[in-house]
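Chemist: Protein chains in written order, with the working numbering: chain A, 1 to 362; chain B, 1 to 362; chain C, 1 to 362; chain D, 1 to 362.
Derived from the structure by calculation, the hints contain no laboratory data. Being a predicted model, the structure only gives us computed values, none of them experimental. Any given hint might turn out to be false.
One copy or two, it doesn't matter: identical chains are merged, so the pair holds either way.
As the list claims (entries may be wrong) - Below 35 Å or equal to it, Euclidean Cα-Cα: the simulated DSBU-like pairs (lysine-lysine) are:
#	residue 1	residue 2
1	Lys53	Lys290
2	Lys54	Lys117
3	Lys290	Lys11
4	Lys117	Lys263
5	Lys54	Lys11
6	Lys13	Lys54
Protein chains: 4
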Amino acid sequence: MTSPPIPGKRKTKWPVAVLGATGAVGQMFVRLLVDHPWFEIVELAASERSAGKKYSDATRWLEGAPPPTAIQNRRVIACDPGVISAPIVFSALDAVVAGEVEMAFAKAGKFVLSNAKNFRMEPDVPLVIPEVNGDHLALIECQRNRRGWSGAIVTNANCSATVAAVALAPLHQKFGIRQLFLSTMQAVSGAGYPGVPSLDILGNVIPYIADEEPKLEREVLKLLGTYADGEVTSAGFKVSAHTNRVPVEHGHTICMTIGFEDKPSPEAAIETMRSWEGLASTAGLPTRPKHPLVVSDAPDRPQPRRDVNAGDGMTVTVGRVRRDAILDLRLVALGHNMIRGAAGGSVLNAELLASTGGLDPT
Amino acid sequence: MTSPPIPGKRKTKWPVAVLGATGAVGQMFVRLLVDHPWFEIVELAASERSAGKKYSDATRWLEGAPPPTAIQNRRVIACDPGVISAPIVFSALDAVVAGEVEMAFAKAGKFVLSNAKNFRMEPDVPLVIPEVNGDHLALIECQRNRRGWSGAIVTNANCSATVAAVALAPLHQKFGIRQLFLSTMQAVSGAGYPGVPSLDILGNVIPYIADEEPKLEREVLKLLGTYADGEVTSAGFKVSAHTNRVPVEHGHTICMTIGFEDKPSPEAAIETMRSWEGLASTAGLPTRPKHPLVVSDAPDRPQPRRDVNAGDGMTVTVGRVRRDAILDLRLVALGHNMIRGAAGGSVLNAELLASTGGLDPT
Amino acid sequence: MTSPPIPGKRKTKWPVAVLGATGAVGQMFVRLLVDHPWFEIVELAASERSAGKKYSDATRWLEGAPPPTAIQNRRVIACDPGVISAPIVFSALDAVVAGEVEMAFAKAGKFVLSNAKNFRMEPDVPLVIPEVNGDHLALIECQRNRRGWSGAIVTNANCSATVAAVALAPLHQKFGIRQLFLSTMQAVSGAGYPGVPSLDILGNVIPYIADEEPKLEREVLKLLGTYADGEVTSAGFKVSAHTNRVPVEHGHTICMTIGFEDKPSPEAAIETMRSWEGLASTAGLPTRPKHPLVVSDAPDRPQPRRDVNAGDGMTVTVGRVRRDAILDLRLVALGHNMIRGAAGGSVLNAELLASTGGLDPT
Amino acid sequence: MTSPPIPGKRKTKWPVAVLGATGAVGQMFVRLLVDHPWFEIVELAASERSAGKKYSDATRWLEGAPPPTAIQNRRVIACDPGVISAPIVFSALDAVVAGEVEMAFAKAGKFVLSNAKNFRMEPDVPLVIPEVNGDHLALIECQRNRRGWSGAIVTNANCSATVAAVALAPLHQKFGIRQLFLSTMQAVSGAGYPGVPSLDILGNVIPYIADEEPKLEREVLKLLGTYADGEVTSAGFKVSAHTNRVPVEHGHTICMTIGFEDKPSPEAAIETMRSWEGLASTAGLPTRPKHPLVVSDAPDRPQPRRDVNAGDGMTVTVGRVRRDAILDLRLVALGHNMIRGAAGGSVLNAELLASTGGLDPT
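Pulled out of the complex, with its shape left as it was, chain A reads as follows:
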């Protein structure tokens, strides 16, 4: 497959930095960016503890082929806008520090693509899944105006919220969701590294993930909300979630029961999901999968181990679409929490911005 050309008149790739590059999500950013056709990692930043070390010494590489030697040998630097030259930064920072640091970068004129929760629900901060609500990026202008920043913060959503929103977007757009019950079975990688101790999860289920239910409930509504005149109006339906941790490496599985304004049959819902192509302007972006949403006919799918890597981890797989005895439909959705639900989501956000001129100097 030939790579799409760099948008606009650029001759060279955009230089980018990764903040929090040593953690699990930071490593995933590095994996997705090392061969990226539009972006080039020029800086890797992390906490004071890692700063000054070679990236390979500061990082316990978790998965996949280790990065190329040039990346491995790069010195980790501090998460300080004064020492980072790249105009675009991907942030895998922990929420404890992300608030202050990301703001400092945005103030300093950097474009921050963040996986942290801190700014997601700010009214002037886009919370974006490109195929679903890429138009919400228009909030950037309000953000800059209101805050006086020359940079900006754009966030990807919580991993479970992302999987749910991709599955629900076409249904909500066509049939109008009224009520939504979710029950998740989430992979351990969602908790980062070292994350969940094996003694807690081997052969076990933990029916609780701190702060996850409120995040899932509120972010789905913003993701499926409507942008107009400088603000996003929440989708406004009722949401209720159970979130659970299960002994799975990657992939969040979500059982959903849904009530609609305009009640679709299972067949109509399947047809709607299958024909959905997401925001037209995302077509052809390097990280966008051919099918953001796939519906399986198998009676027992999706399954994390078998479906998590669909579309290189960017496709959400839905299955078991069936009538519900109380509301209208039941279905199960699955997506890769580390790719679509974290690093891949922010890379795709950056690509959409790049392709629409949003990263060009103002």
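Dock chains B, C and D against the given chain A, drawing on the hints supplied.
Modeler: Same frame as chain A, now just chains B, C and D:
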């Protein structure tokens, strides 16, 4: 702990047989019956393939200390009422054969305590969790009258339905359930042995269990229904279930979201569950746990590996009782699918019958 | 990467069939052959039970993207040389039937590339890992002469034996092994599907795999043996194995302790393994990995989940090369049991034959 | 079962303290001591971070029924001999601090039963498994003389070394071991809590445990060594180990290959292990299992999940005793790393001391 005396004027234990004794549930019956204060295993029966073999040769013993030598050396016999002398039989038969075989035993005057699904929803067959609806055993009389049997069939419920019903019984009794959403995470032992292939479930979730959702939905309603005048009236509320298989050995975890007629606060619900003691006549039965239902205050319980053996596998543990944004309450319940949800349930049914004279010759 | 051209003067791919195509190894053959540059699947064969069905209906597809529609819709046929037109067959047959069936195919003039154990130890049947002992294919001529077959049987080795032999080949060639102790930790996929019941292996270790220790012990010696004058002389050193099943999906890990004739230091052993390139004539074969053997410097590698897919599952990874207190060296080796250790091994055998004219009509 | 009476003329239980009481091994000490017939927990000590908190607040209780309310409400105190009144302390301290702290307690006249590695190999410190080498406790006198302590330190061995030594003791005593190869598959609980991250071990094997191989190799020799005239002479045979972490909760499985001076047949070895009763003076101690060592006849045992709780976690199970092609015998041993291999071992050490007057004031 001293064992409770055998009820009535009996001097000796009741002789019992186990049908399907070589399978996973059959083995659990054997485990629970080998040292039982009221029952004594006199016969072990299984399929033609096993008949004639020593029990230890016919059985791949799955768990726990192997049975005593006397049991191990017993010859397995056929599931034929003509060759089984015991008046009481515990049936762990597969549904494929249970229908005909259990009926033959009941006709032949045997008391059949069945774990199979075949007769559970028959209007004249008791589907019983003693603490919840032990009074439904009164259906036995109708059953005998209607069918002209001198024996009888009494069933325990599906494993998930059992866990749900124990958790819900006090709430339904006091506040009246209107709507119930369930999403289960079920242990592999629920599928028997060999059951779920490891290639299907290691590090995976299977969001489907054949025929489980309808069983769960309908059995909960019968369990929480009301007996009067020779029939059980269904609890009649609306139920909707997702059922999932997870890589857990024993213990079904169920996330529930509940709407009530008379909306309780979480505190009132917890207080109601904690003060519930179940049907009074079950107190003191050998297999009845001190607390059929326990509510945990920990934010992340119940967990299968840590709570499944509460009350020797007969206690259901509930946790995370909290308000719901759409209906009234959310909570998580957990119980041992092989003990409370299968063999232990039928043994307790037999004990309740024994203690009330129901096993005495008519 | 451009595909290597089909060897010789062929203009079209070789037509091939897969025997036992519905099982776990059979599926892997299909995966590896669907886009193969030299071979084209023209027939899928399996047991009577599957014959006549569409491949997709006869198969529970275990892993990876399902095969293309053309394959899915193909009718499964019987494993009968009379109805199979392809001159080359890959056999994933169970040992129970492989003996007779494979012989019938060889008699009928077919080239049988077999994963079954039946003929591996026959003196006139090549047991081959191309990089290690590709020259043993010369046995084919003796086989044909002796048996009067126009076809032939070529076998790949047991999965554990393969991993061990790839790791040991360069060391044995240079330093001469005298004694070898192995202790394996083998993935569940090695037992096929349904294979190991989850109740047996979740959170467990089974320190026994039927018939595995003798297979491992004897096959390593044949693999590392020497071909001359129409026969293979066993490597002849002493071998002793423990084989264990662990809850891992793919990848057999083997701890080895080795005594040599000519005792190498760990550094010399590592250098020898790193500079080893395997049989020269295998270079450039489509399935041959760039590095058949990789030595990791990390203190805690190889690990199945992290290293099993090295070289698309064809690379064996070695680590922890260190001195031994009793013999000379200890090390750990890991390889993909389903690819290098099964289907991929036989495909590479076929490629080596193809590239050297061995598949051309005689 | 009636409890054995407190030895000697004591009317009351010995007051004991647990150091490092909040960790995984500390919790196990608490579990084993709460209902102990001879010892009574009077103090729980841990790091500064926990000191001052209620035990239930300072501890994430990992497993089993939580301790009684009296224990839960006890305030954790510092690991300081000045504030601890109990004359006997069980130490579950981390090796980083155990050295200094345990010495301070011994100097202050306390009896320290330690699970830490720090003093295990000191020539004057007993490293004891009562049934195997309880006579090594005689080193206490030398220790006191040499160090001028009124207290003493007695250690239990590394968890793997303990399992190996119990299995090997009768064989070494009768046939004299010359060479020993071990390959372990160790449970995650051996790494404490939080210990092994789930992302490292789910569906994986880690063929490395820091510092474990040397500990296992040297401790086995001391455990099987001979006490005479104030010193222990190492067993002196050659040992070589591979140690691996596997996704198992509790129970270390060890494959062993053994060469003997006086070569036994498998039958003779089994008979020797079965008739072994361990040091006679341990019979009847409260924590001593009826059979310290059990030999299984099943072809595929021992297995951690099925055998780890034999003898309440104090019995080591051996299986697969068979001839070896290079040395003499191969076998597999399994034991509970947290009970026999850690807390239970030290409690039994204390019981042996108590029963022989060793804990009485001098």
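Chemist: Now look at each hint and say whether the structure bears it out.
Modeler: Now for the hints, and whether the structure bears them out:
| no. | hint | verdict |
| --- | --- | --- |
| 1 | Lys53 x Lys290 | between (39 Å within a copy, 31 Å between copies) |
| 2 | Lys54 x Lys117 | both (28 Å within a copy, 33 Å between copies) |
| 3 | Lys290 x Lys11 | both (26 Å within a copy, 34 Å between copies) |
| 4 | Lys117 x Lys263 | both (33 Å within a copy, 34 Å between copies) |
| 5 | Lys54 x Lys11 | within (30 Å within a copy, 52 Å between copies) |
| 6 | Lys13 x Lys54 | within (24 Å within a copy, 49 Å between copies) |
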